[in-house]
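Novice: These are the residues of each chain, in order.
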Amino acid sequence: MTEAVTRRTAMLGAAATSGALLFAGGNARAQAKPTELRVGITTFLSGPASVFGVPAKQAAELLFEEINKAGGIGGIPVRAFFVDEAPGTDHLVGEYRRLVQNEGCQIILASISSGSCLACTPLSDEMKKTTLLWDCGTQRIFEEGPHPYAFRTQGYGTPEVLAPLLYLLKHKPDFRTLAVINQDYAWGRDSWELWKAGMDAMKPGVRVVAEMFPRFGATDYSTEVTRLLAARPDVILSTSWGGDLTTLIRQSTERRLFERSLFVMPIAEASLPTLGRTMPAGHIIGARGDHWNNHPSPKDPARLKRLVDSYRAKYNEYPIYPVHHMAQAISAMQAAYAKAIAAKGAGGWPNDLELSNAFRGLTFDTPTSTITLREDGQGLEDQIVGLSSFNDKFPFSVPKDMILFPAAMVSTPVGQKSTDWLKTLKPDFVSQVPAPMAG
Amino acid sequence: MMEWFSDNGLLLGLALLDGLSYAALVFMVAVGLNLVFGVLRIVNVAHGSLFAIGAYTAASIGIFFASLGLPAWAGYIALVLSALLVGAVLGPLIERLLLRRIYGHEDVLQLLVTFALFMILEDVQKLIWGVQPIMQDAPMKFLGTVDIPFGEDVIPFTAYQLFVLPGVAVATLAALAWFLRRTLTGRVIVAVTTDKEAATAMGIDAAKIMLLTFSFGAGLAALGGALASPTTSLVPGVGASTIVLSFAVVATAGLGQIEGAALTSLMIGLGRSIAVYFAPEFEVVVPYIIMVAVLLVRPQGLFGVLETRRV
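Chains as they are written, first to last, in the UniProt record's numbering: chain A, 1 to 439; chain B, 1 to 311.
Fair warning: there could be bad hints in the mix.
What the hints assert, rightly or not - Each computed DMTMM-like pair below joins lysine to aspartate or glutamate, with the alpha-carbon atoms no more than 25 Å apart: (1) B:208 / B:123; (2) A:423 / A:61; (3) A:170 / A:376; (4) A:172 / A:84; (5) A:305 / A:392; (6) B:126 / A:259; (7) B:126 / A:84; (8) A:172 / B:153; (9) B:126 / A:61; (10) B:126 / A:376; (11) B:126 / A:65; (12) B:141 / A:428; (13) A:33 / A:125; (14) A:314 / B:123; (15) A:314 / A:65; (16) A:33 / A:392; (17) A:128 / A:376; (18) A:339 / A:375; (19) A:344 / A:365; (20) A:314 / A:84; (21) A:33 / A:84; (22) A:417 / A:259; (23) B:141 / B:3; (24) A:417 / A:392.
No wet-lab data here; the hints were simulated from the structure.
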């Protein structure tokens, strides 16, 4: 006898089957060891920011090759899926979903642009996919709300601006006037806001004689340089980077602006190899971290040398900070998988939640130090700032009189907003600045 | 008003000097685009790539010359060689292989094709020159600096910025005006710009003129890039940032108007410089404010001529 199948029973049956499949699939994903670990990586592969994005991609390729030669992670090979950030956040959001849903990436490394990170973190919440913010600097990510599946494996804007400011206050405490020339986009504006909040709190009364935000990607700064020459500020701050910064430095050098004012350039490190000997000495330079080629006392000198040498051998250039940030994210990924796999026991493989939990509070080694991911997901990375100088070891400028700022000292405490916290700093905070490093 | 001038007159003087050199760079790029736009009636988005390739080529040749131990002035030969190479090789290639196929097609198709070419050339630049900034400033360093009095102070300007850039722009303007009005080839180009159908009916080989004009425009774009290369760092995207401003100049100047391009470049250069001194928050938008203001009053552009629609 044939039983009539009503629409209601059909729908119930379909729902039950789907649920069972979903449950089974979920369990399978959570427990079965994949044949390869798929890692989605978003970075700039085109446009002006490819000066950072391409070296980072190269670093990932180099390190994944080394990891796979050594047996992979948890015994399985690692495979990267790269996505270009340049087309913008709308494109990136679609690509993030594609990486997770179509390519089956188990973890995402995103991104260089703060806008990209701000777009990706809500997706990590929604899709419950562990996302390592491997380079972006915006302080907003973890200050505006929790993101349980997102972790930043390096420092961020606040320590990267506060450390050079403290260095300036220690190095040239009597400056009275300052000018700023930053790129006209989120980082240029945000970094100035952070700097101004800290400077007004710790050294009130400094007169800002010029605030200039030239177009991002500008190819000519001659008018700005003239204005700065005429204004004669004691200090010039520029958080610019890439071609913009090298152009600004070259045009300023040619017209002797560096002889009139002290420059503070928190992101100069990435431009120094390009500038070679044309970078003027005696100006304050930062590296978005502590990973200088001439770090006087790295935690693991052999590992730092290996990274620098292997990168140089393969790509014929010195690694710049995005290379180190990518290496940090990959180190964190290795450490978290090891921790999660150990927690699962023999043969087990972590699901998304277990992987995410492994990152919380994780401490992992870098060639230069140790980074701990705080409870809010933010990594604590030390900052080293120094004065541009030359020696016989490098064909470009490296810092001297370096000061290492411990991450905890220059990072906004959990639960506070950076600009609010910076406003609470007192002039005597400068007395806590450590002495320059030996070596 | 007079009080303002007495307070800021010196700064205004500096702004004028800066504005002139910036206007010269803008003109060099925009004039080629304007010429191409006028004759081929194609909005060539890839014009920015020709600027970038001109700049990269000039820097590469300059670096090569330096490696041979040639004197610094040889850098100027590199600038000219670069423009010649792009104009004589890349320009004809693009026109023959690509643009010729889309003449007379819809604007959208032309935009898409030239945009695709722009994207391809961007990748070609990355393949050849990589992504790290490239610098070759020998031509700028060779001439040194000039101290301009500023009250009791002096402001150093590079001689390259003060003399070479405006000088080349003025020479280009004069040479173009003479070429277009006093030579047979120039007059033929003007004829094709004005009415291609009538010119063809008179026996003018329009295809040849289009090839010549595009190659010439490509060479001018490359010369603009080459002239800019000693002052800037070359990175991916340098062409994109240039092309947007060039379009503003072309729209403001009017189709195919060389003098219009010069005047508009001057307005934009001076407007931008003055903004940097007195209202830096408007620096980025000044060129577009000028464009909108002009187009509101003269939709055909400063020197443009109203055309009757052909049915």
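Novice: Checking one constraint from the list: CA of residue 126 of chain B to CA of residue 376 of chain A, max 25 Å. Satisfied?
Specialist: 39 Å, violated
Novice: For a C-alpha distance cap of 25 Å, please report whether residue 33 of chain A and residue 84 of chain A respect it.
Specialist: Roughly 29 Å separates the two Cα atoms, so the pair is violated.
Novice: Check the hint pairing residue 172 of chain A with residue 153 of chain B against an upper bound of 25 Å on the C-alpha distance.
Specialist: 24 Å, holds
Novice: When you check the alpha-carbon spacing of residue 33 of chain A and residue 125 of chain A, does it fall within 25 Å?
Specialist: 24 Å, holds
Novice: Is residue 126 of chain B within 25 Å of residue 84 of chain A, Cα to Cα?
Specialist: Between residue 126 of chain B and residue 84 of chain A the Cα gap is close to 14 Å, so the pair holds against 25 Å.
Novice: Would the hint linking residue 423 of chain A and residue 61 of chain A be met if the CA-CA limit is 25 Å?
Specialist: With Cα atoms ~42 Å apart, residue 423 of chain A and residue 61 of chain A exceed 25 Å; violated.
Novice: Quickly compare the C-alpha distance for residue 172 of chain A and residue 84 of chain A to 25 Å and report which way the hint goes.
Specialist: 41 Å, violated
Novice: Hey, residue 314 of chain A versus residue 123 of chain B, does the alpha-carbon distance stay inside 25 Å?
Specialist: Between residue 314 of chain A and residue 123 of chain B the Cα gap is close to 21 Å, so the pair holds against 25 Å.
Novice: Mind checking the alpha carbons of residue 417 of chain A and residue 392 of chain A for me, to see if they're no more than 25 Å apart?
Specialist: 43 Å, violated
Novice: Check the hint pairing residue 141 of chain B with residue 3 of chain B against an upper bound of 25 Å on the C-alpha distance.
Specialist: 39 Å, violated
Novice: Given the hinted pair residue 305 of chain A and residue 392 of chain A, is their Cα-Cα distance within 25 Å?
Specialist: With a Cα-Cα distance of about 17 Å, the restraint between residue 305 of chain A and residue 392 of chain A holds, given a limit of 25 Å.
Novice: So if I understand the rule, the pair passes when the alpha-carbon distance is 25 Å or less; does residue 344 of chain A with residue 365 of chain A pass?
Specialist: Holds. Residue 344 of chain A to residue 365 of chain A sits at ~23 Å (cutoff 25 Å).
Checked against the numbered hints listed earlier, the structure breaks hints 1, 2, 3, 4, 6, 10, 12, 16, 21, 22, 23, 24; every other hint is satisfied.
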